[in-house]
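Participant: Input sequences plus hints: build the corresponding full structure.
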Amino acid sequence: MRRMNYFEVFCLDRKLGIDAQALQSRFYELSRRWHPDFQQGRTPEAQAEALERSALVNAAYRALRDPIARVEYLVRLAEGRDTKGGAVVKPKAPPELLEEIFELLETLAEARAGGLDDDRRAELAVERDRLVKRLAAEEDRLKGSLATAWDSATPADRPRVLAALKDALAVRAYLRTVIDDLTNALEGQESDAAHHRH
Amino acid sequence: MAYSDKVVDHYNNPRNVGSFGKDTPGVGTGLVGAPECGDVMKLQIKVNLETGVIEDAKFKTFGCGSAIASSSLATEWLKGRTVDEAAVIKNTDIVTELKLPPVKIHCSVLAEDAIKAALADYKTKWGTQAPAEAAASASS
Numbered sequence: 076m077r078r079m080n081y082f083e084v085f086c087l088d089r090k091l092g093i094d095a096q097a098l099q100s101r102f103y104e105l106s107r108r109w110h111p112d113f114q115q116g117r118t119p120e121a122q123a124e125a126l127e128r129s130a131l132v133n134a135a136y137r138a139l140r141d142p143i144a145r146v147e148y149l150v151r152l153a154e155g156r157d158t159k160g161g162a163v164v165k166p167k168a169p170p171e172l173l174e175e176i177f178e179l180l181e182t183l184a185e186a187r188a189g190g191l192d193d194d195r196r197a198e199l200a201v202e203r204d205r206l207v208k209r210l211a212a213e214e215d216r217l218k219g220s221l222a223t224a225w226d227s228a229t230p231a232d233r234p235r236v237l238a239a240l241k242d243a244l245a246v247r248a249y250l251r252t253v254i255d256d257l258t259n260a261l262e263g264q265e266s267d268a269a270h271h272r273h
Numbered sequence: 007m008a009y010s011d012k013v014v015d016h017y018n019n020p021r022n023v024g025s026f027g028k029d030t031p032g033v034g035t036g037l038v039g040a041p042e043c044g045d046v047m048k049l050q051i052k053v054n055l056e057t058g059v060i061e062d063a064k065f066k067t068f069g070c071g072s073a074i075a076s077s078s079l080a081t082e083w084l085k086g087r088t089v090d091e092a093a094v095i096k097n098t099d100i101v102t103e104l105k106l107p108p109v110k111i112h113c114s115v116l117a118e119d120a121i122k123a124a125l126a127d128y129k130t131k132w133g134t135q136a137p138a139e140a141a142a143s144a145s146s
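Chains R and E, in that order, are what the protein sequence lines are. Sequential numbering of the first sequence, starting at 76, is according to this note's numbering. Sequential numbering of the second sequence, starting at 7, is according to this note's numbering.
Warning: the hint list may mix true and false statements.
Said to hold, decoys possible - Straight-line distance between alpha carbons at most 27 Å, and here's what the computed DSS-like set of lysine-lysine pairs gives:
#  : chain 1 : residue 1 : chain 2 : residue 2
1  : E       : K129      : R       : K167
2  : E       : K122      : R       : K167
3  : E       : K28       : E       : K122
4  : E       : K64       : E       : K85
5  : E       : K12       : E       : K96
6  : E       : K64       : E       : K131
7  : E       : K96       : E       : K129
8  : E       : K28       : E       : K105
9  : E       : K96       : R       : K167
10 : E       : K64       : R       : K167
11 : E       : K129      : E       : K28
12 : R       : K167      : E       : K131
13 : R       : K167      : R       : K218
14 : E       : K12       : E       : K85
15 : E       : K96       : E       : K85
16 : E       : K12       : E       : K28
17 : R       : K167      : E       : K12
18 : R       : K208      : R       : K218
If you are wondering where the hints come from, they were derived from the structure by calculation, not from laboratory data. In this text the structure is predicted, and so the values were computed from the model without any measurement.
Facilitator: The structure is reproduced here in structure tokens:
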């Protein structure tokens with residue numbers, strides 16, 4: 076049997092707009108149905124299948140309950156891959172963002188080398204606040220307008236919307252990393268970027 | 007994770023760190039990133055507009071040791087090559103030279119992308135003119 080995808084586990088269409096309450100109820104229901112405690116007295120094959128189902132239900136719920144994780148899963152699914160590695164088409168963050176982040180990392184590296192005085196701290200804190208706001212806006216877009224665009228897209232339109240979703244996820248990933256770098260620097264943790272990333 | 011000696015060497019003594027002015031004659035800039043790990047890599051080549059040979063290359067990378075080593079090695083390999091010779095550098099060459107483990111292959115891919123982006127930028131800015139003309143227009 077083909078393994079069900081996570082949307083299918085909950086009998087959902089491959090859409091991003093999911094009623095969180097309904098999803099939770101369905102999760103509880105399926106969890107109970109396949110819970111190992113309720114499989115006593117059944118054949119070993121049936122117990123093994125229940126265990127597999129139970130694991131699938133848990134994984135599906137983890138992937139779908141959070142709206143952003145849901146987008147990440149949708150993208151992986153659309154590309155036919157189960158892991159984060161091996162993206163078919165590389166996502167592209169806007170070049171301006173890459174340039175901005177590069178400059179910010181340069182400033183940060185210089186500030187680290189020269190010691191973080193109060194002025195520099197204040198400057199970096201302002202930058203960080205700005206990026207945190209931008210991250211929130213990007214996440215709102217992923218959960219809001221882009222999700223709606225996916226759900227209402229015609230099949231012909233889907234590749235374009237999917238690409239937009241991927242790019243937005245890339246932007247979010249960059250923003251999160253650089254915000255982490257700034258936070259580490261501001262909180263005085265000596266974290267060499269080379270080490271905390273991997 | 008155990009890095010190979012060559013990675014450690016490039017990481018501790020990165021070659022050709024720095025930058026050229028983006029609009030300097032003969033300079034091509036590639037700025038690429040890997041969103042999943044947050045690495046950002048800038049690689050620049052400086053081409054002699056009369057000979058088409060890459061005279062100098064510089065990089066600056068914010069990322070892990072393998073990403074730094076990959077781009078450092080790339081700049082070493084680029085120097086002295088023509089633009090066409092530079093285009094054949096493959097990420098697998100970098101993997102072999104630095105003995106990168108499978109989980110670090112994406113760092114070498116990033117370096118190859120940076121080389122391609124720098125070459126493309128060079129061609130856009132300077133490659134449409136014959137080398138001598140480009141030199142003349144650059145100095146005028």
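Participant: Determine for every hint whether it applies to the structure shown.
Facilitator: Each hint, compared with the structure:
1. Distance check on the hinted pair: K129/E and K167/R sit about 21 Å apart at the alpha-carbon level, within 27 Å; holds.
2. In summary, the hint linking K122/E to K167/R is supported, as the alpha carbons are separated by about 15 Å, within the 27 Å threshold.
3. Between K28/E and K122/E, the direct Cα distance comes to roughly 16 Å. Compliance with the 27 Å bound is thereby established for this hinted pair.
4. Between K64/E and K85/E, the direct Cα distance comes to roughly 10 Å. Compliance with the 27 Å bound is thereby established for this hinted pair.
5. Distance check on the hinted pair: K12/E and K96/E sit about 18 Å apart at the alpha-carbon level, within 27 Å; holds.
6. Of the supplied pair hints, the one linking K64/E and K131/E holds, its CA atoms being roughly 18 Å apart against a limit of 27 Å.
7. Between K96/E and K129/E the alpha-carbon distance is near 19 Å, which keeps this suggested pair within the 27 Å criterion.
8. For the hint linking K28/E to K105/E, the alpha-carbon distance of about 32 Å lies beyond 27 Å, and the restraint is violated.
9. Among the hinted pairs, K96/E with K167/R is consistent with the structure: their alpha-carbon atoms are about 21 Å apart, no more than 27 Å.
10. Using a Cα cut-off of 27 Å, the hinted pair K64/E and K167/R holds, with the two alpha carbons roughly 23 Å apart.
11. For the hint linking K129/E to K28/E, the alpha-carbon distance of about 13 Å falls within 27 Å, and the restraint holds.
12. Note on K167/R and K131/E: the hinted pairing holds, with a Cα-Cα distance of about 22 Å set against a maximum of 27 Å.
13. For the hint linking K167/R to K218/R, the alpha-carbon distance of about 19 Å falls within 27 Å, and the restraint holds.
14. A distance of roughly 19 Å separates the Cα atoms of K12/E and K85/E; the hinted pair therefore holds under the 27 Å criterion.
15. Restraint check: the Cα-Cα separation between K96/E and K85/E comes to about 15 Å, which is no more than 27 Å; the hinted pair holds.
16. Restraint check for K12/E and K28/E: the C-alpha separation of about 30 Å exceeds 27 Å, so the hint is violated.
17. Under the criterion of a C-alpha separation no larger than 27 Å, the hint pairing K167/R with K12/E is inconsistent with the structure, at around 31 Å.
18. Under the criterion of a C-alpha separation no larger than 27 Å, the hint pairing K208/R with K218/R is consistent with the structure, at around 15 Å.
Comparing the model with each earlier hint shows violations of hints 8, 16, 17; every other hint is respected.
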